[in-house]
Amino acid sequence: MLRAKNTTGLVFFPAFDWAISPTHPEREERLLYTQDQVLEEGLMDIEGIVELKPDIVTVEDIQRTHFCAPDPESVCTESHFISAGGAKTIGKAVMDGVIERGFALVRPPGHHANRVVHGARGFCNINIEAIMIEYLRKHYNVDRVAIVDTDCHHGDGTQDVYWHDPDTLFISIHQDGRTLYPGSGFLKEFGGPNAVGSTINIPLPPETCDEGFLYTIEHAVLPILDDFKPDLIINSAGQDNHYSDPITNMNFSARGYAKLTEMLKADIAVLEGGYSIEGALPYVNAGIIMAMAGIDYSKLQEPDYNPRFLQQPKHLSREIQKACEDAVNLWKKRDEFKKTVRSKPNCETRNRQIYYDTDNISESQLEVVRICDDCAGALRIDSTADHSRRILCVHIPRKACPACVKQGLEWYDAADPHTYDHIFLQDRPNDEYRVK
Amino acid sequence: MIIGLDVGGTHTDAVLIGKEGLIHSVKVPTDPDQLLSTIIKALERLTENQAIAEIERLVLSTTLATNLVVQKKLPPVAVLVSAGPGIDPEYFRIGAHYHVVQGVLDHSGREITSIDKNQIVDIGRQLKDQGISCAAIVSKFSVRNPAHEMQIAELLSPYVKHIFMGHVLSGTLNFPRRITTTYLNAAVYPIHCTFFDAVQLSLEKQGLSLPIRVLKPDGGSMNFSSSLDYPAQTILSGPSASVMGAINSAPKDKTCLVLDIGGTTTDMALILNGVPVIATEGIEIGSYKTLIRALMTRSIGIGGDSVVRIQNGKLTIGPDRIGVAMAYGGPVSTPTDALCVLGLTEDGDVQLAKNGLSLLAAEMNVSIEEISESIIDLACHEILGAAGKMVNFLNSRPVYTVHEMFENLQIKPDHILVLGGPASQFAERLAPHFTGKVETVPHWNVANAIGCALSRVTCEVTVYADTSQKIITAQGEKFEQKITEDITLEDVRQIAFDLVRAKALRRGAIPEYLEMEIIEESQFNMIRGFHTQGKNIRVRAQVKPGLLPNSIRKEAIV
Ligand SMILES: [Zn+2]
Ligand SMILES: [Zn+2]
Chain A
1 MLRAKNTTGL VFFPAFDWAI SPTHPEREER LLYTQDQVLE EGLMDIEGIV ELKPDIVTVE
61 DIQRTHFCAP DPESVCTESH FISAGGAKTI GKAVMDGVIE RGFALVRPPG HHANRVVHGA
121 RGFCNINIEA IMIEYLRKHY NVDRVAIVDT DCHHGDGTQD VYWHDPDTLF ISIHQDGRTL
181 YPGSGFLKEF GGPNAVGSTI NIPLPPETCD EGFLYTIEHA VLPILDDFKP DLIINSAGQD
241 NHYSDPITNM NFSARGYAKL TEMLKADIAV LEGGYSIEGA LPYVNAGIIM AMAGIDYSKL
301 QEPDYNPRFL QQPKHLSREI QKACEDAVNL WKKRDEFKKT VRSKPNCETR NRQIYYDTDN
361 ISESQLEVVR ICDDCAGALR IDSTADHSRR ILCVHIPRKA CPACVKQGLE WYDAADPHTY
421 DHIFLQDRPN DEYRVK
Chain B
1 MIIGLDVGGT HTDAVLIGKE GLIHSVKVPT DPDQLLSTII KALERLTENQ AIAEIERLVL
61 STTLATNLVV QKKLPPVAVL VSAGPGIDPE YFRIGAHYHV VQGVLDHSGR EITSIDKNQI
121 VDIGRQLKDQ GISCAAIVSK FSVRNPAHEM QIAELLSPYV KHIFMGHVLS GTLNFPRRIT
181 TTYLNAAVYP IHCTFFDAVQ LSLEKQGLSL PIRVLKPDGG SMNFSSSLDY PAQTILSGPS
241 ASVMGAINSA PKDKTCLVLD IGGTTTDMAL ILNGVPVIAT EGIEIGSYKT LIRALMTRSI
301 GIGGDSVVRI QNGKLTIGPD RIGVAMAYGG PVSTPTDALC VLGLTEDGDV QLAKNGLSLL
361 AAEMNVSIEE ISESIIDLAC HEILGAAGKM VNFLNSRPVY TVHEMFENLQ IKPDHILVLG
421 GPASQFAERL APHFTGKVET VPHWNVANAI GCALSRVTCE VTVYADTSQK IITAQGEKFE
481 QKITEDITLE DVRQIAFDLV RAKALRRGAI PEYLEMEIIE ESQFNMIRGF HTQGKNIRVR
541 AQVKPGLLPN SIRKEAIV
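These protein sequence lines are chains A and B, in that order.
Read left to right, the first sequence gives residues 1 to 436 (our numbering).
Read left to right, the second sequence gives residues 1 to 558 (our numbering).
By construction, these hints were calculated from the structure, which means they are not laboratory data.
Bear in mind the structure is a predicted one, so any value in this text is a computation, not a measurement.
Be a bit skeptical, because a hint or two may be false.
[Unchecked claim] In the DSSO-like style, the derived pairs of lysine-lysine whose C-alpha atoms are separated by at most 27 Å in a straight line are: (1) A:Lys-5 / B:Lys-289; (2) A:Lys-138 / A:Lys-265; (3) A:Lys-92 / B:Lys-389; (4) B:Lys-544 / B:Lys-254; (5) A:Lys-259 / A:Lys-229; (6) B:Lys-252 / B:Lys-544; (7) A:Lys-339 / A:Lys-188; (8) A:Lys-332 / A:Lys-229; (9) B:Lys-254 / B:Lys-412; (10) A:Lys-92 / A:Lys-265; (11) B:Lys-412 / A:Lys-53; (12) A:Lys-332 / A:Lys-399; (13) A:Lys-5 / A:Lys-92; (14) B:Lys-289 / A:Lys-53; (15) A:Lys-322 / A:Lys-338; (16) A:Lys-92 / B:Lys-412; (17) A:Lys-188 / A:Lys-314; (18) A:Lys-338 / A:Lys-399; (19) B:Lys-389 / A:Lys-53; (20) A:Lys-53 / B:Lys-254; (21) A:Lys-322 / A:Lys-265; (22) B:Lys-117 / A:Lys-299; (23) B:Lys-389 / B:Lys-254; (24) A:Lys-265 / A:Lys-229; (25) A:Lys-5 / A:Lys-265; (26) A:Lys-299 / B:Lys-289; (27) A:Lys-338 / A:Lys-188.
Between the sequences and the hints, there should be enough to build the whole structure, so can you do that?
Laid out in structure tokens, this is it:
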């Protein structure tokens, strides 16, 4: 009889009554065939695999991570509260020891959602992994977390949320940003001045096959993870690297995804993208569940799988090898890089333009972070959306030092309500969110 | 008049019901090795001096199939599965003649690899040589497209006598459970036939040529000829007899917890606004997980005859039963002895009960009356605790739409119905532990047989329409039609109702008492690229489990 080697929890929330728009890839039908496949395989009957009902996250859970303008209810639909809730349910169950590992098979996804949210970007409104992680940090004293994003698109939202956090290692493997949305995720993006090297981007060339993905996991991701020694490993398990995905150009297979899952040994996986709803998702999801549970997946494959079409050309392998070497080098030399990126002694500023493709919003940000060796640094974001709504966001990090607490409060107190539509303070040491 | 007969683990109950209500009832001990003679004995005693010519039918709930499965006495049958990619079908190996054959369908029922005719014929010859006469045929995703199962059945038919196909038995997706379910039907079939032939023959000898109906675990019944197509649907029908026996006492606006307190166990179930709650998964029996629909029931090892002990200074009850209570000459103290000491039983030897309980009382350093109170309190507490777990399970069932998540329906029982041997004594004792009303069911000691007698014929169908493939199918109903793109959810509902009605009539339903309902439905636009290519509509309809209202009114039974 089949038995899971690892007790594995699954939250399945397909949101069968929710879509961005009727013909949008992120629509009701997206997980329908996945559910059919998972049910027909009988995966939920396997001893050691349990299905959990998702929680609904609270506004406080969202505000622990995000600055939503004007508030979370306005930028989220009910479905977002549930998909983030599904991730939270899995996180809690892992921490409570109810399950050893878990997979939040939920939609809508979240990895393109930044810390500041004016609307939807890349089908994402709120960052469901980050909301879960910050919940676990608050309620379970989790400290060091690694996120490995294996979606085909760069996880720019997650990168933004954790840009300044030295306790969160964010590794993103994705199709080269020169060839795909959102156009970012290059090696040179390696974290803010207080967290150099805690963001690692590994862009891979189009047409990368199983061989290249698994090589990257083995030769870059795993060695860096080993060195970072996280308390928890989270996999942002996007499935759009699949060879049949309609909006990307990679050649990854369902069994390849299963193998990747087996190698990564993530505590928690969260579904991200993946829009080949008939040809890929049913098989990739089944593969991830089987691999997490430690069940033999050797007979799993897509109906149209043909290994001959999925041979990786030699020149690609060399390119991938180089990308991996660069990433590991960056990680090893992160302390040297830190000195070179800190140009000013006190505060570092960033000017950014952010486009919300899904909701067609343009945001401009002026970000100021206090350079600090004792914590992630107080953060001030002055954000204007569509040249009209202007907000000020002040973030005092979770383990803020007294000087950064002082700086954060000063910024918040000094902000002039006439200049801004909303002024927010995210006071993480006190787990408080203030608005003025 | 109708006869209801419920074969239980300890007792077999039989009732005769007429227009005016319960006419007669008998209780005989069950001999698990001699089910036939147990049934005949009960029927003889029940029909003695009755106007047997007026008896219309016999409705039977038996443990025949259950015992075969539990005691692992199933005969060898062949199982042929075509699986394709996914979990290796070797993991689902069942029985001594399991063959994995060629053939692959995808999740929409499209053929990926065809059947290999020669392979099937070879297996057929082999089975014939081995003397295997029953076969189960199952292909993955056959509920989307039964073609492979049907092709294999046709190729195999010259070599075996009886074939069961997976898609006929359930419209639910679950390949491993479909294999198990089809296997069990094939394996139970020969003995099911022999047994019911014998019942029929014995009845005829008594001058009773009656149509026989068989109770199913979903609280419905089917006629004997239908049971030949679904013999495993007689497994674990016992708990549903009790629920059906309680259903007429369940107020239409209440959430009722039904407790059937027996000698060894207490079975529990829920009746929601007059309708019993059906389990989402099929029944599990022994190591077998099936697609056989059943009422949601739970069982806890606490009954009137459960063994009472003191373990590590704490009082415990059950889960085992060694014999009857000491008050009735049994070997160990039981909750029934406690009831006897408290003066709550009609008969039983109080002194014998006290003899046993005095030892426990001394060990706990309390009086015999005090320990008796504690035993009954503990039994009530544990029974309600188990019921609470069942309710929690139901309330934490996942849902898959935003609407249902925010609707967040939560069930909380506000009424208890008790039946079974010590029902009246326990009802009184349960009341202080529960905020709602606690009632006993009329004729609580044979209510299960009454439920069996009056149960309605039930069945379900699953209809699946795919407008991109321009086809509508209902697997197991031999129904497949071409459709146009403009078919609506309403059209599909109507087709489902027509099919479920026809199926129920075939199974012996009385047309006036068909209460049908849609239990699941969904409609999805299928978008390929950025264009709507079609619609995917799924509808499941059933006849609600319930009682036939004609024979008796509730007052008549009371
Ligand atoms: Zn993506
Ligand atoms: Zn600091």
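Evaluated hints:
Taken as a hint, the Lys-5 of chain A and Lys-289 of chain B pair is honoured in the structure, with Cα atoms around 20 Å apart against an allowance of 27 Å. Straight-line distance between C-alpha atoms of Lys-138 of chain A and Lys-265 of chain A comes to about 24 Å, which keeps the hinted pair within the 27 Å bound. For the suggested pair Lys-92 of chain A and Lys-389 of chain B, the alpha carbons sit about 21 Å apart, so the restraint of at most 27 Å is met. The straight-line distance between the Cα atoms of Lys-544 of chain B and Lys-254 of chain B is roughly 18 Å, inside the 27 Å bound, and the hint therefore holds.
Proposed proximity of Lys-259 of chain A and Lys-229 of chain A is supported: the alpha carbons are some 22 Å apart, at most 27 Å. Annotation: proposed proximity of Lys-252 of chain B to Lys-544 of chain B holds, straight-line Cα distance about 15 Å (limit 27 Å). Of the supplied pair hints, the one linking Lys-339 of chain A and Lys-188 of chain A holds, its CA atoms being roughly 15 Å apart against a limit of 27 Å. The suggested pairing of Lys-332 of chain A with Lys-229 of chain A holds, with an alpha-carbon distance near 14 Å, which does not exceed 27 Å.
Taking the CA atoms of Lys-254 of chain B and Lys-412 of chain B, the gap is near 9 Å; set against the 27 Å cutoff, the hint holds. Using a Cα cut-off of 27 Å, the hinted pair Lys-92 of chain A and Lys-265 of chain A holds, with the two alpha carbons roughly 18 Å apart. For the given pair, Lys-412 of chain B sits about 18 Å from Lys-53 of chain A by alpha-carbon distance, which is consistent with the 27 Å threshold. Among the hinted pairs, Lys-332 of chain A with Lys-399 of chain A is consistent with the structure: their alpha-carbon atoms are about 25 Å apart, no more than 27 Å.
A hinted pair counts as satisfied when its Cα atoms are at most 27 Å apart, and Lys-5 of chain A with Lys-92 of chain A qualifies at roughly 20 Å. With a C-alpha separation of about 22 Å, the suggested pairing of Lys-289 of chain B with Lys-53 of chain A holds against the 27 Å cut-off. Distance check on the hinted pair: Lys-322 of chain A and Lys-338 of chain A sit about 23 Å apart at the alpha-carbon level, within 27 Å; holds. The straight-line distance between the Cα atoms of Lys-92 of chain A and Lys-412 of chain B is roughly 26 Å, inside the 27 Å bound, and the hint therefore holds.
For the given pair, Lys-188 of chain A sits about 25 Å from Lys-314 of chain A by alpha-carbon distance, which is consistent with the 27 Å threshold. Proposed proximity of Lys-338 of chain A and Lys-399 of chain A is supported: the alpha carbons are some 20 Å apart, at most 27 Å. Using a Cα cut-off of 27 Å, the hinted pair Lys-389 of chain B and Lys-53 of chain A holds, with the two alpha carbons roughly 16 Å apart. For a cut-off of 27 Å, the pair hint linking Lys-53 of chain A to Lys-254 of chain B stands: about 26 Å separates their Cα positions.
Simply put, Lys-322 of chain A and Lys-265 of chain A have alpha-carbon atoms about 25 Å apart, close enough for the 27 Å limit, and the pair holds. Distance hint between Lys-117 of chain B and Lys-299 of chain A is fulfilled; the C-alpha atoms sit about 23 Å from each other, no more than 27 Å. Taken as a hint, the Lys-389 of chain B and Lys-254 of chain B pair is honoured in the structure, with Cα atoms around 19 Å apart against an allowance of 27 Å. Proposed proximity of Lys-265 of chain A and Lys-229 of chain A is supported: the alpha carbons are some 13 Å apart, at most 27 Å.
With a C-alpha separation of about 13 Å, the suggested pairing of Lys-5 of chain A with Lys-265 of chain A holds against the 27 Å cut-off. For the given pair, Lys-299 of chain A sits about 23 Å from Lys-289 of chain B by alpha-carbon distance, which is consistent with the 27 Å threshold. Annotation: proposed proximity of Lys-338 of chain A to Lys-188 of chain A holds, straight-line Cα distance about 13 Å (limit 27 Å).
In the structure shown, no violation is registered for any of the earlier numbered hints.
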